[in-house]
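Residue numbers (our numbering), protein chains in the order written: chain A, 1 to 305; chain B, 1 to 352; chain C, 1 to 332; chain D, 1 to 544; chain E, 1 to 335.
Any given hint might turn out to be false.
[Unchecked claim] Simulated coverage check for chain E against chain B, where a stretch passes if three residues somewhere in it have a Cβ under 8 Å from a Cβ of chain B:
#1 229 to 235
#2 247 to 259
#3 318 to 331
What the hints contain is simulated information worked out from the structure, not anything from laboratory work.
Please read these numbers as outputs of a predicted model, since none were measured by experiment.
Note that CB positions come from ideal geometry on N, CA and C, so glycine has one too.
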Amino acid sequence: MSDATVTTTVKPKAPRNQWWDVWDQFKTHKGAMAGLIFFVFIVLAVYLGPFLWKIDPTYIDFRARNQGPSLAHPFGADQLGRDILARMLAGGQVSISVGLTAMILSLVLGTFVGVLAGYWKRLDGMLMRLTDLFLALPLLPLLMVIIMLFRDPLRKMFGLEAGIFILIVFVIGITSWMQTARIVRGDVLALKEREYVLAARSIGTPSRRVVLRHILPNIMSPIMVSATLGIANAIITESALSFLGLGFPPDYPTWGRLLFDAKDMIQQYPERVIWPGLAISLTVLAVNYIGDGLRDALDPRIRGR
Amino acid sequence: MADGAAPVLNVRDLKTVFKTRSGSVHAVNSVSFSLKPGELLGVVGESGSGKSVTMMSLIGLIPSPPAQVSGAGVDFGGTDLLKASDDELRKIRGARIGFVFQDPMTSLNPVFTVGYQIMEPLRKHMKMSRAQARGRAKELLELVGIPDAERRLSDFPHQFSGGMRQRVMIAIALACDPEVLIADEPTTALDVTIQAQILELMHELRAKLGMAVIWITHDLGVIAGIADRVLVMYGGQIVEHAPVRELFKHPRHPYTRALLKTVPSVRGERAERLEVIEGQPPILRAEPSSCSFAARCPFAFARCLSENPARFDVGPGHDAACFYDFEAGAPRATVSAAAVGRPEFEGGAHAG
Amino acid sequence: MLDDTKSNKVLVEVRDLKMHFPIHAGVLRKRVGEVKAVDGISFDIYEGETLGLVGESGCGKSTAGRAILRLYDITEGTIRIDGVEIGHTPQPDLRKMRPTMQMVFQDPQASLNPRMSVAAIIGEPLDEHARLSKAEKREKVLSLMDAVGLNRDFANRYPHEFSGGQRQRIGIARALALNPKFIVCDEPIAALDVSIQAQVVNLLEDLQEEFGLTYLFISHDLSMVRHIADRVAVMYLGRVVELASRETLFADPKHPYTQALLSAVPEPDPWLEEKVERILLQGDVPSPSNPPKGCNFCTRCPQVMDICREIDPLGQEIAPGHQVTCHLYQTT
Amino acid sequence: ERGSDGHVNIIYWQAPSTMNPYLSGGTKELEVGSLVLEPLARYDAEGNMVPFLAESVPTVENGGVSEDLMNVTWKLKEGLLWSDGKPLTSEDVRFTWEYCTSEGGGCSQSEKYNDVTDVEIVDDLTVIVHFGVPKPFPYGPFVGNQAPIIQKAQFADCTGEAMASCTDQNFAPIGTGPFVVDEFKTNDVVSMSANPNYRDPAKPAFATATVKGGGDAAAAGRSVLETGEFDYAWNLQLAPDVLADMESKGKGKLVSAFGTLVERIMVNYTDPDPALGDKRATAAHPHPILSDKSVRQALSMAIDRELLVEIGYGAAGKVTCNVLPAPAIYASTANDACMVQDIEGAKALLEADGWVMGSDGIREKDGKKLSLLFQTSTNAVRQDFQAIIKQWWNEIGVEVELRNIDSSVFFGGDAGSPDTFQKFFADVEMYANNFDGTDPEAYMANWECKQAPRPETQWQGNNMPRYCTEEYDALVAEMAKTGDLEKRAELAKTMNDMLMQDYAIIPLVYRGRVSAASNTLGGVEINAWDSELWNAADWYRIKE
Amino acid sequence: MLHYTIRRLLLAIPTLLFISLVIFLLLDLAPGDPMASIPLTVPPEVKERMREALGLGEPVHIRFLNWLYQFFIVEPQVAFDHLFGTDFSEGKQRIISFQSRSPVMSVVAERMPQTLWVVGLSYVFATLIAVPIGIISAYRQYSWFDQLGTFVSMIGFSIPTFFSGVLLIVIFSVTLGWFPSIYDTTHEVTDWSSFVFQMKQMAMPVFVLTLYNAAQVSRFMRASMLDNLNQDYVRTARAKGMSEKVVVLLHVLRNSMIPVVTVIALGVPSIFGGAIITEQVFQVNGLGQMLITAIYASDAPMVQTLTFIFAVLIVLFNLIADILYGILDPRIRYD
Ligand SMILES: Nc1ncnc2c1ncn2[C@@H]1O[C@H](COP(=O)(O)OP(=O)(O)OP(=O)(O)O)[C@@H](O)[C@H]1O
Ligand SMILES: Nc1ncnc2c1ncn2[C@@H]1O[C@H](COP(=O)(O)OP(=O)(O)OP(=O)(O)O)[C@@H](O)[C@H]1O
Ligand SMILES: [Mg+2]
Ligand SMILES: [Mg+2]
Ligand code: NI
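Using the sequences and the hints given, assemble the complete structure.
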């Protein structure tokens, strides 16, 4: 941006919370707004929906088996006569919470490793070899070992659902951070040579705070991209895990699982595949657009425009 | 040199507008000037005053969108560059008009050898064979003073120092013996000692090849040493135009005057305090309806804020876009003089 | 700038400072050589004065500036600032010294974090070194903005919303935040437009007067250095080749390199310009990793002698306060 | 006429990894191997023994089996040739025994040769199998698809530790069956062609055959029933309505057969509480809730087996109340009360026994909650069953937590994993089991006390419920000594009824095999007692 | 550059040894038993004997050293013998799969063709498609083409292949009958019609994988092109009078390919790793399918060897990517 725009209107004096600016910019991004509205809708639906739609998602009603959409079951019922709408709502709760938290964990882990490797040259070789190691490890045996070792202790500590939730999030997080770490490392390597990092050092800012204040905010963009991909990855991985019996109990619906269970009936009952498939894709798409918007909004250079 | 000859390049009423997301930017506003064969026209002006955009607009190098270029015509050897098709323009660019860009570090493609980049226009425009082009490229490198030219042809740009890269850029621009060379701040990024080498080189080449040159800079020192005539730009307009000595002796636009004062010198008197031009350059949101310098001008008066001054003749080959008459020391009479877009200015003493 | 701000107290004392960057190569990453970016420089800076440091690009000016502030771990030499030897203090211990010495960077765009507001940027040193309440901090930031001539209303803006000159003011305000005594200005005006350069230089002078600052002013713009500096050091390939007071240096340069450098500066005056005798140097600067034998300048020197190719000249005071490193003036 | 019908395409979605049945006991390997290797006698679709390489099936009546049940004499058919043209002799039969029992080889069928002390060669075509103990049922060695005859000439160097490294032999054994292996790609595809030396010159009708592996049951079913790319698809365990829908496309039909496979719930008699450390799930600690018979009974009563069959298996399942449902002479009718679901009865039973309903809908007694962990292997139908059963049990006031475990872990014997079905670190678990051939002796012996998995046995053993009564052990011992079929049947039924009435095992569904055959494939006769491909020599193409 | 390469290769040795050890311990620790697929009717003692025959009786470190010996000494010898008809490997124990009791390496060799045909080809296609798409999307940023590209690639990411694959089968095999639903690995291309059949049977798996890979690569390509389109040298090229085609496809593309080529190179190991789910859905039975069956069957030597080969490829292609970077971008010089 050139000098020319400087004398635009002077802003009101009161120090306005920065987040308002971010929000203002975010609002101008059409895709991001649409994504946000959809995402909020989905979140509200899956968390508040069960209070309105009171059918128990695990309740089996044999008379309703394989029923198509009706007033009693707007999305139809599955092969055991469970209400698909209720299952979609309950499944969404799990999928979205798992997707979000696992994604965040993997981001945190990946960013942490990436920043360490990029910023401290001494750690670089070792951490990148560690990344290679994780990339090379066969996932399934790894998951089985983790789950074998930690399922019961966690269950005891946090109870059944919370324990498994923690376990799954942990498992997904620990097996999907490598990509982020690499990207972040590359960016940090470039960023740490920037003059403002040197400026911070000349002030006497310790490395820890240089990273927090100067490096991290400037690698938002690759992190956002990883985040959107991460959420899709986490939702799908969760379904694979519970299918393998490594995840939630088998009667516990999640989107991924609903999709997986229904895929054999794609010809007989296509709607059963479409609902979870659509839910996953649209959520991922929404998060992607939100990520785009957020990236733009968090960048003051774009915000000014 | 070449006084009175027909101009090689004649720009009339050139305008460039950028349409951006947050509104339009009128970067170039009714710029008119002409260039005679063999002369060196200096262009000075503050950063953002539209120097680069003007030059790039005339040969269609401005990406469009976002830019829109319009005007009464850019006459180059009988062709109107504004109306020329892309193909015609491509035949002119590189072949008849050479361009040297500001930043030698980034203007060369890092993944091709220097030789390849010099040979590219030769092969395209002059239809030379590979061997011929290579021979010519070697000559060119020698011409711009790079030792061991043969070997260096197969080096990559990053293996050259900044000054050498700028010389490579010049070699590329000169490859097809252009009639006009446009050099956009070619020495700004360089050291004084290297800059001196390049200026010297320019002098020699012009004597040898006799082409016309447009030299953009904001370093008045460079202008003083090299230009025949000078255009001063401000806010997307030409605010003053004069032969070089005339300009330094009798600056007739308050911006030029201020500019001359801000620059310290290594040789002359040392001022205790540097003059500054207070205020900010304008944002070119719309076509100017007032004098764009008015806000920063110590001489400004009411008229300056309501009307955009045309370029008044103030001397032989000297005009300035200002309502204040410095000779008289008072505002001009209401008669508005020469219309903007006059095709030709006479005169132009040269310093070479 | 007033001469009476000068004193005879030495604030910064640099002795034999060397900063070599190692070059590693080979299968085992053995150290095969070094870039001698700064290769033994010595000078003093008196309290309240401005020392100009000029020289060609790549001759080690920035490295010298950064090394003096210990942004690098130096190879050799001593640095004494305000009586404290900091040449080999470990980085964490340097933290409490940082407020005395600050830096203003070359590229105002690159040296400001694009994601921090102006208030945050100027406030950063205060966060690090001062214990202030939120309101106090804000007040301090605003007063700093006043001091460098930035409108208080701009506090919540971001760097890209400013012009180059204003950005450089932000950088200066940041450097001033901790009331330093000594500021290294690393080409603070190189990235700026001519009309803005003057603003920044004036500002630096005003601040020097107001706060009694001491500057090391690095630049390759000799005319600006002539304007601002009290004394000037000329560097070539990691060495100081000439050091003299401003008047002496510009009027009577001794070292052939200084002469060439001065003659190369274009003159914004066609009449003067015509008369200037240019000494055109040939060839390129040798690589600092492999400097020539003898005098560093011998490969390009128009007055080169045989001895220059053999023996490295020593710095000598040929007149009070005028040091030259050249065989032409060697008296022993 | 041999080779006149072109090519037959068979799909086994679990791909065979070897052709040698002695190196892998997996069904897929055994069945595909049966196209090449043949035993002396097989079971037909009804479970009757029919001679294959032998002249006839030896019995006590025809003198083939000695009166003391200690030896059996087999006579080979005359003029049998291996596919490479060499004659089949008693040497080969004897070698097969030596091969499987050689030291260090890890033969997976060695149990078939248990108690065999010698295989005596009488002449080229006659062998006598000597047992060390009386064998009331002497048809282990050389009978059925687990124990076919291999060629001595080919495998002579492959005994003992060399068994594994004879890859060429294991992948392309020379046999007497209808087909010869041309190319074997492990876990992928087997290409075969008709055996030129097959004993019936008119067979097989197909000149070539491939057995393709990989994918899942749905894809296999689709390829036969919907696209018609394949002629025969094995083991289609899919939801009945999906299968019905596929069949309705008219390209092929489903075929099914019932053996002895029963889907059942095992009830843990011991306490799986992790707090018990290495005494977990051992006889040292009886199960706090499930030791109570009325609870076990209530769990069984709450189940509607009819519905389970309908949802999970359709035509491939039948309601059963026995763990030993077949052959017919062993099938008890004493427990048929379980056929009808009785939720109210179950509730009443629990109530009567002092299990009172808590405020959260879960019954309690003496501070113990009626709360169960229900585990099984991962498999779509099993997970549906889990969900349904959970609901029924919830209705009678039992809280249920479900867990599914990957079958490679669940059925693996890894002593390091807590999730194996032998360890049974859960309260109830569901899986299916059957027995080989038609004789239940070994099967019923599974529930002896000493069969209970425990740390001392590295958790090996088949008595998952850890059921342990003296009466039962006595019955097992008695059966081992009884030769008379009637009496054996009586004993087996008694044992079955004991298990059922103690509710140590809750049988759910008597499962058959379902496969699919193309409408143009003739001669298919699915067999639950032996290989499904047992009569592939008789298969032919139906011409329109 | 040579030094750099040698140094990286030397460094790779301890790394890989360490990785192999970790994989080995992991597999050893993992629950699961090679005997799990043996019917329950086979008594436990027999299973125990089978387990011993597989060498599972030995302590862990012996098994690991044994594997190392077999992998690094015996298998190369076998390969050497195979090539030159020598007999160094005579009588030495190779790495044997638990499932099939055949040498792991020969199974790998057997699976290679279909993996390369399907997964490899789809990767090639994906690259070939993604690059032009990326170029056009960037050149016409925010055009409908670009928007559509974003949308499709997001869908490509978020729909699991187990679903899209089945969907394709239902549409194209079952309903339309255009393509076979099951891949025939024994098929040999000898003439035109067999070639057509090969194309048909590859169509769907290749499509599914191509979509997935192309989505990623085109995103990278687009970003990289966008970065480069605004560079100064582009203007220089235009100023030289070069045609738009030369400018975009020569000057810009060559620079944009630098990061993309490394991304592509880093993706290559995944070809050899196979596309597990897609291979299963279409029964391509390549390396991916083999790995997954081996894992389910707890076939430790197979899993160990395959994952180790995979690790070698990852390390190797990381190196190749770095070297490529250096070659493509003359500014980067290692050493
Ligand atoms: N692509 C663009 N979109 C919008 N505005 C632009 C664009 N390019 C240039 N401008 C605007 O056009 C005006 C003139 O720019 P130009 O580059 O010609 O200045 P200049 O005189 O060459 O300055 P400098 O000395 O810094 O090179 C500036 O205000 C600039 O912001
Ligand atoms: N971190 C580093 N590692 C290796 N060499 C370096 C490093 N920093 C600088 N150099 C080298 O040291 C020499 C001096 O660099 P320096 O940046 O100090 O020059 P300068 O005089 O400030 O030039 P300029 O005027 O271009 O800023 C150069 O050759 C440079 O390549
Ligand atoms: Mg410009
Ligand atoms: Mg510098
Ligand atoms: Ni002239």
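- Quick check: which numbered hints come out false for this structure? none
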